[in-house]
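Number of protein chains: 2
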Amino acid sequence: MSVRLRPIQALRLWHEVGLALVRGNGVDLTSRQLAVLLTIYLEPPPHTVRGLAAKLGVTKPVITRALDAMGDMDLVSRRRDPADRRNVIIQRTVRGALFLDELGDLIAARAAELAP
Amino acid sequence: MSVRLRPIQALRLWHEVGLALVRGNGVDLTSRQLAVLLTIYLEPPPHTVRGLAAKLGVTKPVITRALDAMGDMDLVSRRRDPADRRNVIIQRTVRGALFLDELGDLIAARAAELAP
DNA sequence: CCCAATCGTTTCACCTCCGTATCATAAACG
DNA sequence: CGTTTATGATACGGAGGTGAAACGATTGGG
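Going down the list, the sequences are from chains U and X. Just so you know, we're using our numbering here: the first sequence kicks off at 1 and counts up by one. Just so you know, we're using our numbering here: the second sequence kicks off at 1001 and counts up by one.
These aren't lab readings, by the way, just hints derived from the structure by calculation. Given the structure is predicted, the values throughout are model-derived calculations rather than measurements. Every residue gets a Cβ at the ideal spot worked out from N, C-alpha and C, and that includes glycine. Incorrect hints may have been included.
[Stated by the list, open to error] The following label-pair restraints were derived from C-beta to C-beta distances:
id, chain 1, residue 1, chain 2, residue 2, range
1, X, Ala1020, U, Lys60, 15 to 23 Å
2, X, Ala1020, U, Arg23, 21 to 29 Å
3, U, Arg65, X, Arg1080, 38 to 46 Å
4, U, Asp101, X, Asp1074, 20 to 28 Å
5, X, Gly1071, U, Ala109, 32 to 40 Å
6, U, Thr64, X, Arg1085, 33 to 41 Å
7, U, Lys60, X, Glu1102, 26 to 34 Å
8, X, Thr1064, U, Ala83, 49 to 57 Å
9, X, Asp1074, U, Ala112, 34 to 42 Å
10, X, Gly1071, U, Arg95, 32 to 40 Å
11, U, Thr93, X, Asn1087, 41 to 49 Å
12, U, Ala83, X, Gln1091, 55 to 63 Å
13, U, Arg65, X, Ile1008, 25 to 33 Å
14, U, Glu113, X, Arg1086, 30 to 38 Å
Modelling step: build the complete structure from the supplied sequences, incorporating the hints.
Set out below in structure tokens:
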């Protein structure tokens, strides 16, 4: 049980988590890359390059390159859609799920500290 | 009154706010720039380039350039410390305070929706 | 069939960011 | 004073991101 998060506490939450991500050792993602990753893991599949581009309001190459970068980090994977081979289906990976699990725990823990 | 924010809700919160920032028309900040801005506005002054660099675990040029960029957007301002003219004191601006007010409201509003 | 439409990728020129190294200025100290 | 130390800014090369445009691959409608 906790009181509603107030704006000042919300900023402190963003601040602390942002610091943890910036100082973070391993993965460092662009804000757009993180937005892509969260969309893939939180919204119902299937996910396509075009759909993600529209969702974020950016051009398709932005998505392609974000997927390249995160694919190299093994956070997502791609495969052709067998039904329509023009499409590319973006899939989750174990490492990506683990990364977001930890991020969710981090945010929730800081929120609990700020609004007990 | 709200239940404690759970990890999955925390991720949804980050996702929605991240989307709003990415799609947002106006100010476009790097995660490091936002971390600098939040530090300036949330932690007690005075703030110096060196102190901010240590706080974020980055080199001094990163801070100098972040301040350049955010100074152009009128989110922060700099002035020499009259006591020790080697130092630069980073100061808040009306526009920066307004931007962070709106961000705090945005986060708090989304959090209230997610964990009612 | 064939040709237009769709999808993801690639190319291009430009810009910004990063860290290292260096610089100019200013204070501290012998 | 002159030297050392400290601070912030700048130069530089490298890496990566961005949008616009063009490109292959694939589909589906006429």
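Hints that the structure is at odds with (numbers, increasing): 4, 6
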